[in-house]
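Novice: Take a look at the letters that make up each chain.
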Amino acid sequence: MSPPVAPAGWSRWLVPPAALAVHLSIGQAYAWSVFKPPLESALGLSGTQSALPFQLGIVMLGLSAAFGGTLVERNGPRWAMTVALICFSSGFLLSSLGAWTEQYWLIVLGYGFVGGIGLGIGYISPVSTLIKWFPDRPGMATGIAIMGFGGGALIASPWSAQMLESFGTDSSGIALAFLVHGLAYAVFMSLGVLLVRVPRTEKPVEGAPSALQGPQVSARNAVRTPQFWLLWIVLCMNVTAGIGILEKAAPMITDFFADTSMSVSASAAAGFVALLSAANMAGRIGWSSTSDLIGRKNIYRVYLGVGAVMYALIALFGDSSKPLFVLCAFVILSFYGGGFATIPAYLKDLFGTYEVGAIHGRLLTAWSTAGVLGPLIVNWIADRQEDAGKHGSALYGVSFLIMIGLLVVGFVANELVRPVDARHHIPAPRKAADVERQQSESA
Amino acid sequence: MSNDSSQSPPDRRLLIAFAWLWVGAPLVYGLYELVHKATQLFTG
Numbered sequence: 001m002s003p004p005v006a007p008a009g010w011s012r013w014l015v016p017p018a019a020l021a022v023h024l025s026i027g028q029a030y031a032w033s034v035f036k037p038p039l040e041s042a043l044g045l046s047g048t049q050s051a052l053p054f055q056l057g058i059v060m061l062g063l064s065a066a067f068g069g070t071l072v073e074r075n076g077p078r079w080a081m082t083v084a085l086i087c088f089s090s091g092f093l094l095s096s097l098g099a100w101t102e103q104y105w106l107i108v109l110g111y112g113f114v115g116g117i118g119l120g121i122g123y124i125s126p127v128s129t130l131i132k133w134f135p136d137r138p139g140m141a142t143g144i145a146i147m148g149f150g151g152g153a154l155i156a157s158p159w160s161a162q163m164l165e166s167f168g169t170d171s172s173g174i175a176l177a178f179l180v181h182g183l184a185y186a187v188f189m190s191l192g193v194l195l196v197r198v199p200r201t202e203k204p205v206e207g208a209p210s211a212l213q214g215p216q217v218s219a220r221n222a223v224r225t226p227q228f229w230l231l232w233i234v235l236c237m238n239v240t241a242g243i244g245i246l247e248k249a250a251p252m253i254t255d256f257f258a259d260t261s262m263s264v265s266a267s268a269a270a271g272f273v274a275l276l277s278a279a280n281m282a283g284r285i286g287w288s289s290t291s292d293l294i295g296r297k298n299i300y301r302v303y304l305g306v307g308a309v310m311y312a313l314i315a316l317f318g319d320s321s322k323p324l325f326v327l328c329a330f331v332i333l334s335f336y337g338g339g340f341a342t343i344p345a346y347l348k349d350l351f352g353t354y355e356v357g358a359i360h361g362r363l364l365t366a367w368s369t370a371g372v373l374g375p376l377i378v379n380w381i382a383d384r385q386e387d388a389g390k391h392g393s394a395l396y397g398v399s400f401l402i403m404i405g406l407l408v409v410g411f412v413a414n415e416l417v418r419p420v421d422a423r424h425h426i427p428a429p430r431k432a433a434d435v436e437r438q439q440s441e442s443a
Numbered sequence: 001m002s003n004d005s006s007q008s009p010p011d012r013r014l015l016i017a018f019a020w021l022w023v024g025a026p027l028v029y030g031l032y033e034l035v036h037k038a039t040q041l042f043t044g
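Protein chains in written order, with the working numbering: chain A, 1 to 443; chain B, 1 to 44.
Think of the hints as simulated: they come from the structure by calculation, not from any bench.
Warning: the hint list may mix true and false statements.
Said to hold, decoys possible - Under 8 Å between C-beta atoms, here's a sample of chain A residues computed to sit facing chain B:
1) 8
2) 14
3) 270
4) 330
5) 408
Virtual Cβ for every residue (Gly too), placed ideally from N, Cα, C.
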């Protein structure tokens, strides 16, 4: 399948909504928890069992992004968005059948396995195209799309809850809700499939740099460079630090002020979690756009360096001031989102646009690792501290010190990033041949 | 002159507005729900 080339006069401002149509949909994954209690009561599942579809979905996201990236580069964004639409929607339809027949394995297979492939392919589908359309503002362009992944849960969470309230929380109500989700997301994502186009030339905007400017490195070569693995460490450390707070946000703020006159109610803790979601989303677009002005290396210095300072402030003074605690957590979560959204532009700076989507897909294995590492550190240490008779903010002191250490490791890794050695670059004649091939395919 | 104008690309402003509305409307709904919930931190 050849990539869809934009006709003359096609506006590049049609590409971000195409990307958002996909990312706002697949971001629903983070709202899976809405379905957990109804599934548990309707099908007699434990909490661990009802988390299985989400967990498998995230594993499949990492695997399909890592292994499907080259196919996405080869076949183009429309192919990738079509695959994402089919897999993500079919996942819901299979889950609907599973809920209707009370066969839970069908829900795990549908939402987790099939839908998870849609998550991974959908996540990387617009990245390379956006960077090619916005060579002057790659951080902003990918920030818009990746902000959508955060925004997807904000939409799905109240929407799914209202739907379950209307249809009922028995197996037939859940089945109907899954069916409506599958159909609605198929329609919503189709806008992305219909609108997405690759630019006609490597210089889609007057006065902007060429998309093929600078060194170009293939995905196969990129994973052999120290730069790839340094960025892998940077992303992994930054995400781990963010998840460290995100994972236990509600109990954390409650524990921090439990022994003070500023105790936090359950609804206020829920408000804190919502505020962190806003920080996560705002960071994706805000910090990523800022990276276009101050540079990728500098913005990661901020994420990792200032992030470590924020953790230190929480550890030292967090339990004496609620505004300080909330402010520091807000900043850390904005850096968490910013780290996700800025990484494609950092990859483009180092490896060029040639196979940046595929390289990004491979780098997302750092996210999967951090997804395990972050909660493990915070939960395990909090449990050990509780066993030792500690309570309140003392439960988290050691975790925060570890987070500071991880951020310092990430900071050092970022400092070690240098331009990629010329021996990894694609030779110019081959680059030219590829461009020629792409043009002939699209003609 | 008429030949030039017939070759000019079609005006896509309506399509751009529609596309942004398509993704913007649900996002505004999600943000409204989020702000509503986040205010509980200060009032709850």
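Novice: The structure should be examined with respect to each hint, and the outcome stated for every one.
Specialist: Verification of the supplied hints:
{"no.": "1", "hint": "8", "result": "holds, 5 Å"}
{"no.": "2", "hint": "14", "result": "holds, 6 Å"}
{"no.": "3", "hint": "270", "result": "holds, 6 Å"}
{"no.": "4", "hint": "330", "result": "violated, 11 Å"}
{"no.": "5", "hint": "408", "result": "violated, 30 Å"}
In summary, the structure is inconsistent with hints 4, 5 from the numbered list given earlier, while agreeing with the others.
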